[in-house]
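Q: Sequence:
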Amino acid sequence: MTRRIFIDKQSPKAYHALLQTSEAVRATAAEAGLERTVVELVNLRVSQLNGCAYCLDLHTRAALRGGETTRRLAVLPAWRDTDLFTPPERAALALAEATTHPADASAQATAYAAAREVLTEDQISAVIWVAVTINAFNRVSIMSKHPVRA
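Sequential numbering from 442 applies to the sequence shown in our numbering.
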């Protein structure tokens, strides 16, 4: 297989702009009152949907450092089938999935309606921005074939 170009290294100005966006999104999430664990759950769920090994590794470690449990991380792909997640976390996860797969208008409408019941408008906006940003990072890592090192 041909080695991929690490586009973050090849185009550092564009990558630094994405990093700055990520920092602004992190601040927006904090200002909206989203707990760091919710942000990491969104990062992980979107990375699972996109199959980004690099981001899964990175954000699993961040979630664990932030106090997330291995049990909840283990069942995250099946979050709908367990009571381990709070209503706001469930709303954030559904909204993140709808953001990742925007062509599913029905799922998008359902997720948005559920989010409105338990999240503030600032939190809804922040969750969508977190999902948009991690989707971008997933594409950078997937297309660059960033390795997960031991």
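If you are wondering where the hints come from, they were derived from the structure by calculation, not from laboratory data. Worth double-checking, as some hints may not be accurate.
Claimed, not checked - Okay, derived cross-link-like pairs now, EDC-like style, lysine to aspartate or glutamate, Cα gap no bigger than 20 Å in a straight line:
1. 586 - 449
2. 586 - 498
3. 450 - 472
4. 454 - 464
Q: Against the structure shown, which of the earlier numbered hints fail to hold, in ascending order?
A: 3
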